[in-house]
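Chains as they are written, first to last, in our numbering: chain A, 43 to 398; chain B, 43 to 398.
In this list, chains with the same sequence are indistinguishable; a pair is considered to hold if it fits within one copy or across any two.
Simulated crosslink set (DSBU-like; lysine-lysine; CA at most 35 angstroms straight-line):
hint	residue 1	residue 2
1	Lys132	Lys150
2	Lys85	Lys288
3	Lys45	Lys268
4	Lys304	Lys99
5	Lys85	Lys45
6	Lys62	Lys268
7	Lys162	Lys352
8	Lys321	Lys162
9	Lys147	Lys246
10	Lys357	Lys85
11	Lys251	Lys131
12	Lys357	Lys301
13	Lys62	Lys363
14	Lys177	Lys327
15	Lys304	Lys291
The set of hints was computed from the structure by calculation and includes no laboratory data.
Everything numeric in this text was worked out from a predicted model, so none of it was measured.
If you want the building blocks of each chain, they are given just below.
2 protein chains.
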Amino acid sequence: MKKHNFSAGPSILSEYTIQKTAEAVLNFAGTGLSILEVSHRGKEFVAVCDEARAMIKEILAIPEDFEVVFLGGGASMQFCMAPYNFMEKKASFLDTGTWAGNAIKEGKFFGEVNVVASSKADNYTYIPKHYEVPKDSDYFYYCTNNTIFGTELHEDLHVGLPVIADMSSDIFSRPIDFTDYILIFAGAQKNLAPAGVTLAIVRKDALGKVSRPIPTMLSYKTHVDKESMFNTPPVLPIFSALQTLKYYKELGGVEAIQKMNKAKAELLYAEIDNNPFFKGTVTCKEDRSLMNICFVMNDGKEALEDEFAKFATSKGIVGIKGHRSVGGFRASCYNALPLESVQALVDCMREFAAAH
Amino acid sequence: MKKHNFSAGPSILSEYTIQKTAEAVLNFAGTGLSILEVSHRGKEFVAVCDEARAMIKEILAIPEDFEVVFLGGGASMQFCMAPYNFMEKKASFLDTGTWAGNAIKEGKFFGEVNVVASSKADNYTYIPKHYEVPKDSDYFYYCTNNTIFGTELHEDLHVGLPVIADMSSDIFSRPIDFTDYILIFAGAQKNLAPAGVTLAIVRKDALGKVSRPIPTMLSYKTHVDKESMFNTPPVLPIFSALQTLKYYKELGGVEAIQKMNKAKAELLYAEIDNNPFFKGTVTCKEDRSLMNICFVMNDGKEALEDEFAKFATSKGIVGIKGHRSVGGFRASCYNALPLESVQALVDCMREFAAAH
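Whole structure, please, built from the sequences with the hints as guidance.
Here is the structure:
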């Protein structure tokens, strides 16, 4: 049976990425060797890594003063690397969910942390607005998409300060205005590659300004200077990333992808809003995520949750169980998820409602 | 043409590992999904991760007071994490090559670094012996196998202090005496899995003793407490690691593997010593590595180096170019390299000598 993969991450990758990776595991670039066992310094893989970095710059229209690097350790490592490299005394954070919270926690190891606003008291059901960011902050930090709570900042904020953003779950889903950013990072496992590589886009002239010594591997400068080859990078995830990037270019780039994501989200949110058996969890509709669409059984229908979960499974729908802090369901609709899968979920919701 | 993969790392993995990984990229554990796109919290992958950790404990006969964790970032990240977690004031290091040198460099970010002995002046052609390790060291650190220079410590040292070892290039090649270790780490890409995961074997009661605050991701305790699932681990590399471990168990475990490695190394070192066209670079024969076998053209035959390199390539021999700091050739003979490949290289050396 065809599976519809709504997993929150690691999550669906394009069929193209999967097929090309499977082929490379058996024979990489005609070398007669597996991508699992080739040297990262061999000309074939160096070409892959260089092409992937160049395509990221092209697809996201990254200005010249930024560099793109691939790192290990996951986005969680960035919660520590970002303040290590950029916080001299104080940074300001927007608290929009679990991942912003984790970044705030790590920031405290390095200096004064100022939370400008938080929606925590309302279980993060909206993105806070109308706050002041103190001008003496070294940077302003936010997470653009909150995978767990299903909210998303749909634009890049300008607060008159350098900005750092965790875009782990919505990078490549829309164009980015790089004007104020000094660092954007993203764990690869939502919209780029299998787990094991993290993308960092670093403004080069923002490096080298903090006074603390930075261990070599934790310094962005190390990886920028060595073009992601300071140490052995995660070879297969970078190969897979390149396949996804080629697929994105074929689709028409981030503008085309954004249009597709809007169409998918509109279809599913319309069903959530109109089907009397379900309701959305995000109270502020303009903050609804296009990536992670959270919903629960409607009032009075709560007892049907398990039954709907089983019914969805019987239709090949995978990975829609909500995070325990929200409950209900979460349909993650990353770039590689086809409209057909969203339609299958919508059909399943309608069929379930009709049968009850 | 059949390729003989002598790459120094990433390097040859067993055919079993490659085949099983290729299958899982198309359909993982009968889920109908790729290993590239499944949740790390799904029961199928949790089972893989748990089984891999358990098999490492079994194959290496790891005592109960240790925990096994999978980390991202490569062994280079361990050069920083080890002192972050274990150095209060001072640590002692044995300088046997580039990787020990990198660990020494990072150690200096955290306290006083004492180099007990070094073979640097002789381009690391032997492992220093007969040194004193100061008793006020928090730990003694060494790298068991020097990939670049082709030397290897063939046993675990006991100096009356806790020991930390980088076993990136010889783990699973021999039994380990865990008595004095508090930490053993190994980048996976030589003897375990594709690049992107690092194995750490940590003595639990050695944790939590330094006074400095440790950022969450850099603390071994985080990963020990969460059984490698604090954040998204590198899913595919861990899956591949499990396949290699199954293959090792089938081979008969580390004793059997050690015997095979000795046979391969004896065959190649005998040829290097007896063939008048070549000579080994490691001056102290007892320190010769079973993993990385370094040799150069013999005196007076230097001009033939390029010709031999081309001849070897024509025979399907891949990855024998020596590191620039040694020159000549390096045949890496990791666990997965079959005796047949070593025989092919030996035959090639004989044929080359006969033709000149």
